[in-house]
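Protein chains: 2
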Amino acid sequence: MTDLNTLGEIGLIERIRQEIPTPTHSETIHGIGDDAAVFDWGDDYGLLTTDMLVEGIHFDLTYVPLKHLGYKAVTFGVSDIAAMNGLPIQVTISVGLSSRFPVEAVDELYEGIRAACVAYNVDLVGGDTTSSRSGLIISVSVLGKVPKDLITYRHTAQPNDVICVTGDLGAAYLGLQLLEREKQVFLADPNMQPNLSEERAYLVQRQLRPDARTDMVHELRDLGIRPTAMIDISDGLASELLHLCHQSGTGAVIFDENLPIDDQTHLAADEFKISPVTAALNGGEDYELLFTVRPQAFEKLETNARITAIGYLTPDPTQIVLSTKAGQQTPVRAQGWENLMQKK
Amino acid sequence: MTDLNTLGEIGLIERIRQEIPTPTHSETIHGIGDDAAVFDWGDDYGLLTTDMLVEGIHFDLTYVPLKHLGYKAVTFGVSDIAAMNGLPIQVTISVGLSSRFPVEAVDELYEGIRAACVAYNVDLVGGDTTSSRSGLIISVSVLGKVPKDLITYRHTAQPNDVICVTGDLGAAYLGLQLLEREKQVFLADPNMQPNLSEERAYLVQRQLRPDARTDMVHELRDLGIRPTAMIDISDGLASELLHLCHQSGTGAVIFDENLPIDDQTHLAADEFKISPVTAALNGGEDYELLFTVRPQAFEKLETNARITAIGYLTPDPTQIVLSTKAGQQTPVRAQGWENLMQKK
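If you're matching them up, the sequences are chains A and B in order. In case it helps, our numbering puts the first sequence at residues 7 to 350. In case it helps, our numbering puts the second sequence at residues 7 to 350.
Chain A on its own, in the form it takes in the complex:
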């Protein structure tokens, strides 16, 4: 018998993938290996993604309000559709609940789900409700669409492409640290009131109620830009940059001083003695997009405050490095399965 941890999550997915029969339906264009599966629906490509969120692994109800969790579950799936340069259309949500949850908890969860459906303009069309032995489980599937000439995969980037990220990075991770600290304070003294100052609101919001970047999909279309590759980085910038490079057969250089990090993230990182660069690279849960564009296309994005160029792709797939201000280069590394299991 082989322990799952020896294989790792990537190893496990690769093992499953290798054993999957070739699709027999000609409309199935692309299966496992991207943010969403791709189907030929005539004028457009159809997109389908599915994610599972498990209490105690992906969220801690000590400090995650159910309303925010419902919103975040939809964000999870919508972000995968956005990463294919698509827009979401329908969503299904399945919920497994242990008997400790009252009806009001379900109401609260669905309040957040509904708010997200309105925010992302997606129709809630179904789901399943079941009991569970312990805790809350949420499974979300999102159907979306993308015009055929706009789809973006992970494997189509080229050397010299500019590597861009949307928004800023590391804030969700520092938000988690703040919430975890407050939880410990609360556990030590349940009469203690949480001490989350106004200035920290951004970090906490990034953790509890992140938004998927469908706005960037619209913006790129308006600018007439189709990325050469794109990927959702909610699992962490480092691991997703590695995926994009491995699948495209390229290397990469990214510059630590270019990583977009909010002032609040810097302040909290100081306080927690965490490197803000590590938080940005490996913190995860930033529902942002990593994408690449041809150098000439980047000119149209240069002045866009919501998009930051963090480096460029190189021809040598063995060299995926972080370059410091001092010129030092270190290999970009992803977190392991074990770390993820502990963190999430």
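Treat the hints as calculated values from the structure; they're not laboratory data. Glycine included, every Cβ here is placed at the ideal spot set by N, Cα and C. Be aware that one or more of the hints could be misleading.
Claimed, not checked - Covered stretches of chain B (in silico footprint by chain A; criterion: 3 or more residues with CB under 8 Å from a CB of chain A, positions within the stretch not fixed):
| id | region |
| --- | --- |
| 1 | 24-32 |
| 2 | 62-70 |
| 3 | 142-155 |
| 4 | 186-194 |
| 5 | 213-226 |
Mind docking chain B on chain A? Use the hints.
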């Protein structure tokens, strides 16, 4: 705070449904309230269904081999697509695993998933793999299609329609009783070998590795028959007949002597002192279809050994009754949420 059990599963779904915003995408034809959501995809309707299976609620790994479980998970979703008179095209499977599962367990589960994909001619296109705090969780989503003029809903049946079921009923429930008994014997004496005789193989197979009736979808098409309504009865014949009647605004009379019950089911029911009619009505987990046809259309089905007429629809929606040989009529009742929670 209100206990979930006071609301019941149907009440909970109704509560969620009432609060769902009206779809904003014109291609969303039908959302919650049928076996699958329905989308306008041009020539065809697209279908999407999602289900969640939780260890300890839906399956007991003491006697359910993981290979069979993988197969059954796909069957679960495919059966919902068949109930809309559709055929499945793509499937995604998400799996939550606690650390007690070795890599070999995942292999076994996926072996069954793959076998089902081949059997139902469906492409496995994605999923999610995550850890769970306790036990195994499987979420399955299936995309399918149906020609627009063949779709069948639950709400479109009419009085005088003939009520039909495919296959036979109650076998899966008796299979479960056999497996539960063997489990108790094993728990009392782990050296004891299971005593599942050859004759019982059919019952155990109906419980462990049921097949969705996509074959009946093909057969009905070949015969040129479009049911007036159809529903999957894996939750039990009684509850699903009630759904069909409530949504169609009809009553029904079904005849106990017409219920298709296998000889092995009769024998095992005798042994367990369970009424075979109760097993057929409320046992559940028979992955069969309940459908209605106009009386004139039924002539084409009369000699079909795989389809049984069990009664007819009536105009009075308050009268949904089981009629015995002696002419006695009793109201058809569904199992409650609590019973389901205990049983599954």
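Between the region 213-226 of chain B and chain A, see if three or more residues pass the 8 Å beta-carbon test, and mark the coverage as holds or violated. Three-residue rule not met by the region 213-226 of chain B, so violated; n is 0.
Count the residues of the region 142-155 of chain B whose Cβ falls closer than 8 Å to any Cβ of chain A, and tell me whether that reaches three. Holds, because 4 residues of the region 142-155 of chain B bring their Cβ atoms closer than 8 Å to Cβ atoms of chain A.
Report holds or violated for chain A covering the region 24-32 of chain B, Cβ cut-off 8 Å, minimum 3 residues. holds (count 6)
Checking C-beta pairs, does the region 186-194 of chain B have three or more residues closer than 8 Å to chain A? Since 0 is below three, the answer is violated.
Is the listed coverage of the region 62-70 of chain B by chain A valid when you require three or more residues with a beta carbon under 8 Å from a beta carbon of that chain? Three-residue rule met by the region 62-70 of chain B, so holds; n is 3.
When each numbered hint is compared with the structure, violations occur for hints 4, 5.
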